[in-house]
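Trainee: Going down the list, the sequences are from chains V and Y. Using the numbering used here, the first residue of the first sequence is number 1, and each one after it goes up by one. Using the numbering used here, the first residue of the second sequence is number 1001, and each one after it goes up by one.
It is possible that part of the hints are untrue.
Interface residues of chain V toward chain Y, partial, derived using beta-carbon atoms under 10 Å [claimed, not checked]:
1. L31
2. S72
3. T80
4. P94
5. I96
6. A99
7. F103
8. A105
9. V109
10. N110
11. N161
12. G180
13. G186
14. W194
Coverage of chain Y stretches by chain V, computed from C-beta distances (three or more under 8 Å per stretch; other residues unrestricted) [as the list claims (entries may be wrong)]:
15. 1036 to 1046
16. 1065 to 1078
17. 1174 to 1185
Since the hints were made in silico from the structure, they are not lab data. Think of the CB as a built atom: it goes at the ideal place given N, C-alpha and C, for glycine as much as any other residue.
Take a look at the letters that make up each chain.
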Amino acid sequence: MKVTTSQQDFLRGVWRENPVLIQMLGLCPALAVTNTVANSLAMGLATFFVLAGSSVLVALLKRFIPHEVRISTYILIIATFVTVADMTLEAVVPGIHKALGAFIALIVVNCMILGRQEAFASRRPVGRALIDACGTGFGFIIALLIMGSVREILGNGSFLNISLFGPDFEPWVIFVLPPGGFLTLGFVLLFLNWRSSRKRRKELKPGATTTTGESTVERKVA
Amino acid sequence: MGNLVWIFLSTMVVNNFTLALFLGLCPFMGVSGRVATALRMGLANIFVLVITSLCAWFLNAFVLPHAPYLRLIAFIVVIASLVQIVEMVIKKVSPALFQQLGIFLPLITTNCAILGLAIFQTNRGYGFLEGLFFALGAGCGLTLALVLMASIREDSELASVPALARGTALVLIIAGSLSLAFMGFAGLGSST
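Given only the sequences and the hints, what does the whole structure look like? Please build it.
Mentor: Here you go:
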């Protein structure tokens, strides 16, 4: 395994290996609850809490977890934190809890969280695990906010329920409905593909023959 | 009886698990390359969903009234272990069936569609039979979405897609269009 500094651990999750936009993990919440910015934020924070909590606990307990049942143990730890998050949200912001519905409970099966436990938290000291979890969690929040902003602005003409365009704006309702989730993420990915291919073309020498047209970034589907 | 048919139909097309509720996206994106594989994945999903529904019903009826805060943990543990046991039994009893479905079973267990089914079933207070039809509808809906997606993807291999859009972006945009088409079923319930 490569030796990395804590700063690299943090930044890697935020952008270079963004869980949603690059690794395609945790798509279910990223598409399902991002119809408004407020919902995206609540979902992002809840996931952040679960990820950070379970990473710390897994890193603390890694000596005591038998190798054969590690995955089940991770899932149990994650489920415990999700239950805490679920009950907290229900008590503090009942409106948003109702809007998110079953998707709070479904944080348990977010492959991003399990992935971080298996790939990082179970092998590193507590502090590093926490930093890595924070980075990945921030990356997740950023991705959700991008999705949420696009969908709320186009689909409802507002941002955090504040109207942006005045009464004459005809909202593109489709963006707050399920198809909008797929389309928004599709277009965000197209944009990222376009940016990275343009960057690669710039890096090539001007005289060199460009064969990069064929090879767009190969994205891993989880 | 009409109620049960309605549960089945509405879960299958109106509130399709994948296209309207975004559950089970991992197999939808990952194993929708070939129609034959997609069909097998779908069948394995139906199988696990029915088991899940039975488990959830049992837990809700007999165990969880005493300890509601254990709901999530209980669902996950019981469903995962039962699927594991059923997998072993199938391997022993019918190797042919295991060849067809077996490799998918462990993957499916931690799929959001499975846990989602258990939670939705609980939230809506479905009983034994209702839950069973709910699971069948969800499974058929997943299979339908998977097979449709796989057929489109097989065809799109022959089309000249711009290099920029190849891969996940294309799959997502196809999924968006499919989801848009399925929204047409939304009016189905209003006339009854």
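Trainee: For the hint on L31/V, just tell me whether its beta-carbon gets within less than 10 Å of chain Y.
Mentor: At about 4 Å, which falls below the 10 Å cut-off, the nearest Cβ of chain Y leaves the hint on L31/V intact, so it holds.
Trainee: Identify whether the interface hint at I96/V stands, where standing means a beta carbon of chain Y within less than 10 Å of its own.
Mentor: Because about 16 Å separates I96/V from the closest Cβ in chain Y, which is outside the 10 Å limit, the hint is violated.
Trainee: Establish whether the coverage given for the region 1174 to 1185 of chain Y by chain V is satisfied; the threshold is a Cβ-Cβ distance below 8 Å, and no fewer than three residues must meet it.
Mentor: holds (count 6)
Trainee: Was the hint right that G180/V lines chain Y, CB cutoff 10 Å?
Mentor: 8 Å, holds
Trainee: Against chain Y, run the beta carbon of N110/V and see if the smallest gap drops under 10 Å.
Mentor: Since chain Y brings a Cβ to about 8 Å from N110/V, closer than 10 Å, the hint holds.
Trainee: For the hint on G186/V, just tell me whether its beta-carbon gets within less than 10 Å of chain Y.
Mentor: 4 Å, holds
Trainee: Hold the hint about A99/V up to the distance rule: shortest CB distance to chain Y must be less than 10 Å.
Mentor: 14 Å, violated
Trainee: Verify this for me: three or more residues of the region 1065 to 1078 of chain Y with a beta carbon less than 8 Å from a beta carbon of chain V.
Mentor: Our answer is that it holds, as 6 residues pass the Cβ test (under 8 Å) against chain V, meeting three.
Trainee: Does the closest beta carbon of chain Y sit nearer than 10 Å to the beta carbon of N161/V?
Mentor: 23 Å, violated
Trainee: Classify the hint on V109/V as holds or violated, based on whether any CB of chain Y lies nearer than 10 Å to its CB.
Mentor: 5 Å, holds
Trainee: Holds or violated: the hint that W194/V contacts chain Y, with Cβ atoms closer than 10 Å.
Mentor: Since chain Y brings a Cβ to about 6 Å from W194/V, closer than 10 Å, the hint holds.
Trainee: Measuring from the C-beta of S72/V to each C-beta in chain Y, is the shortest one below 10 Å?
Mentor: 7 Å, holds
The structure fails to meet hints 4, 5, 6, 11 and 15 from the earlier list, while all remaining hints are met.
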